[in-house]
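Peer 1: Letter by letter, the chains look like this.
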Amino acid sequence: MDIPNMVGAGLIVIGAGIGLGMIGKAAMEGIARQPEASNKIQTAMIIIAALLEGIGFAALILA
Amino acid sequence: MRKKNILSLLVVGFLALVFNFSFAQENADQEAGEPIDEKEEVKEEIEEAVDLNLLDSHYFTLFSDEEANKHYGFALPVIIYDEGVKIFSAAEFDHGNKVVEKDGKHYVYHNSKIYSTDASGELIIGDNGFPTNKKPLDFSITRNVFVTIITAILIFFVFVSMAKTYKTQQLPKGIGRILEPMIVFVRDDIAKESIGPKYYKYVNFLLTIFFLILFLNLFGLVPFGANVTGSITVTVVLALLTFFVTQFAGNKNYWKHIFWFPDVHPIVKIILIPIEILGMLTKPFSLMIRLFANMTAGQVMGMSFIGFIFIFKTWVAGVGFFGFSIFIGVLGLVVAFLQAYIFTLLSALYIAAAVEEEHTSEEDTEELPIV
Chain A
2 MDIPNMVGAG LIVIGAGIGL GMIGKAAMEG IARQPEASNK IQTAMIIIAA
52 LLEGIGFAAL ILA
Chain B
2 MRKKNILSLL VVGFLALVFN FSFAQENADQ EAGEPIDEKE EVKEEIEEAV
52 DLNLLDSHYF TLFSDEEANK HYGFALPVII YDEGVKIFSA AEFDHGNKVV
102 EKDGKHYVYH NSKIYSTDAS GELIIGDNGF PTNKKPLDFS ITRNVFVTII
152 TAILIFFVFV SMAKTYKTQQ LPKGIGRILE PMIVFVRDDI AKESIGPKYY
202 KYVNFLLTIF FLILFLNLFG LVPFGANVTG SITVTVVLAL LTFFVTQFAG
252 NKNYWKHIFW FPDVHPIVKI ILIPIEILGM LTKPFSLMIR LFANMTAGQV
302 MGMSFIGFIF IFKTWVAGVG FFGFSIFIGV LGLVVAFLQA YIFTLLSALY
352 IAAAVEEEHT SEEDTEELPI V
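Quick note, the sequences are listed as chains A and B, same order.
According to the numbering used here, the first sequence is numbered sequentially starting from 2.
According to the numbering used here, the second sequence is numbered sequentially starting from 2.
In short, the hints are calculated from the structure, not lab data.
Be aware that one or more of the hints could be misleading.
Said to hold, decoys possible - Here are the simulated lysine-lysine pairs, DSS-like style, with alpha carbons at most 27 Å apart:
1. A/Lys41 x B/Lys202
2. B/Lys193 x B/Lys165
3. B/Lys99 x A/Lys41
4. A/Lys41 x B/Lys168
5. B/Lys284 x B/Lys314
6. B/Lys135 x B/Lys165
7. B/Lys114 x B/Lys99
8. B/Lys168 x B/Lys136
9. B/Lys284 x A/Lys41
10. B/Lys193 x B/Lys284
11. B/Lys106 x B/Lys165
12. B/Lys87 x B/Lys99
Stated by the list, open to error - Calculated Cβ distances over 12 Å to all of chain B for the following chain A residues:
13. Asp3
14. Ile4
15. Asn6
16. Gly18
17. Gly22
18. Ala59
Built from N, CA and C at the ideal position, the CB exists for glycine as well.
Next comes chain A alone, as it looks inside the complex (with noise of 0.2 Å):
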């Protein structure tokens, strides 16, 4: 593993990261909101939080 590739690889965690972390905000103030509603919002944050961990380590691979 080269230099370039190191780069590239801390620039995917350091974006996934960041989504990630948008999508558990966003989740969080969801559930806080309206509480009877949890069950709904967690399934729909872990399906984006998996097709954006997909994509990040689709991009890991290839780095």
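With chain A fixed as given, assemble chain B onto it according to the hints.
Peer 2: Chain B in isolation, oriented as in the chain A frame:
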């Protein structure tokens, strides 16, 4: 009675976890036993140990002694196709030390792969570090295949015995008490929720894929287990299954949205065709990558935390990284369930997109709120 059962299960699980790590430690201890040339050698040996755990092999090695060059375990059958099917035991390779001759052809074993060669057993190493020798088609029962077969048999017996108990009583016995809520969860919360009224046809596929992935993931965490779902060939097949089920489930409406998107300009329709076909293919691709990368990452993280102990070799690092590796192990347990859930949920969503009934444009306008 029930409390006792759960308690004993927890104890067994904890013991398995501790045994896993203590065993891994012992294993690495054996390999890192030579303190002559410090860090570089240790690093190389750790890398080798990680590779041994991650990669597939023709041997079911329980543990090995590097110094004496002894491997404890058993060889698995090799099945290759090279102008005729040839079946023999991998023990004939003697872990890559011997050249095997079958019907006038010679084979050699190198880095868990079988290569064709001549009588001298020479390998020509190419520029990229891999041998350029021809490889015969390999259909061997490797470690991953072996563990998958065992898992399939285990799942079969567990679920058949569980189904039998319903003939005489309402509640299942033993492990069925844990599995019943999971089955109901897959049926109601995954299949019914996302697919809708036509869900029942796809429940058996979703249940199969859920429990196969879950059991294989859990097998990757126990001692002597193989990292099956962390191998990309396995996840390719799983993703292809979802792909084919989705395509065969697809109704008129689904194909129309791929090849002739309604209500847009004809030129846009032509532009949309390749994009839709690409979207059809990226769905199983992302399923494949997600499962593979998650399981591999979990394994590598656990192994590298154990490896750190041997790099630093102080008691603080020993205690600290031991704790960390237990933490990663528990996280791996959560990830094993989560990945099985996500794979099943996304498969259900893709099937749902394929069987969805047409939303006519009038209906859509009716649902829109009047501003």
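Peer 1: Does the no-contact call for A/Ile4 survive, Cβ to all of chain B over 12 Å?
Peer 2: At roughly 19 Å from the nearest Cβ of chain B, A/Ile4 sits farther out than 12 Å, so the non-interface label holds.
Peer 1: Just double-check A/Gly18 for me: nearest Cβ-Cβ distance to chain B has to come out over 12 Å.
Peer 2: For A/Gly18, whose nearest Cβ neighbour in chain B is about 14 Å away, the distance exceeds 12 Å, so it holds.
Peer 1: Verify the proposed pairing of A/Lys41 with B/Lys202, using a straight-line Cα cut of 27 Å.
Peer 2: Holds, at about 24 Å.
Peer 1: Hinted pair, alpha-carbon criterion (27 Å max): B/Lys193, B/Lys284. Please report holds or violated.
Peer 2: holds (21 Å)
Peer 1: Minimum C-beta separation from A/Asp3 to chain B exceeding 12 Å: can you confirm that?
Peer 2: holds (15 Å)
Peer 1: Under the criterion that the straight-line Cα-Cα distance not exceed 27 Å, is the pair B/Lys114, B/Lys99 satisfied?
Peer 2: Given pair B/Lys114, B/Lys99 holds - Cα atoms ~14 Å apart, limit 27 Å.
Peer 1: Hinted pair, alpha-carbon criterion (27 Å max): B/Lys135, B/Lys165. Please report holds or violated.
Peer 2: Violated. B/Lys135 to B/Lys165 sits at ~51 Å, over the 27 Å cutoff.
Peer 1: Given the hinted pair B/Lys284 and B/Lys314, is their alpha-carbon gap at most 27 Å?
Peer 2: violated (45 Å)
Peer 1: Within 27 Å, alpha carbon to alpha carbon, are A/Lys41 and B/Lys168?
Peer 2: violated (35 Å)
Peer 1: Does B/Lys106 pair with B/Lys165 here, judged by a C-alpha cut-off of 27 Å?
Peer 2: Distance of about 51 Å is beyond 27 Å: violated.
Peer 1: Mind checking the alpha carbons of B/Lys99 and A/Lys41 for me, to see if they're no more than 27 Å apart?
Peer 2: violated (59 Å)
Peer 1: Just double-check A/Ala59 for me: nearest Cβ-Cβ distance to chain B has to come out over 12 Å.
Peer 2: At about 5 Å from chain B, A/Ala59 fails to clear the 12 Å cut-off, so the statement is violated.
Of the numbered hints listed earlier, those contradicted by the structure are 3, 4, 5, 6, 8, 11, 18.
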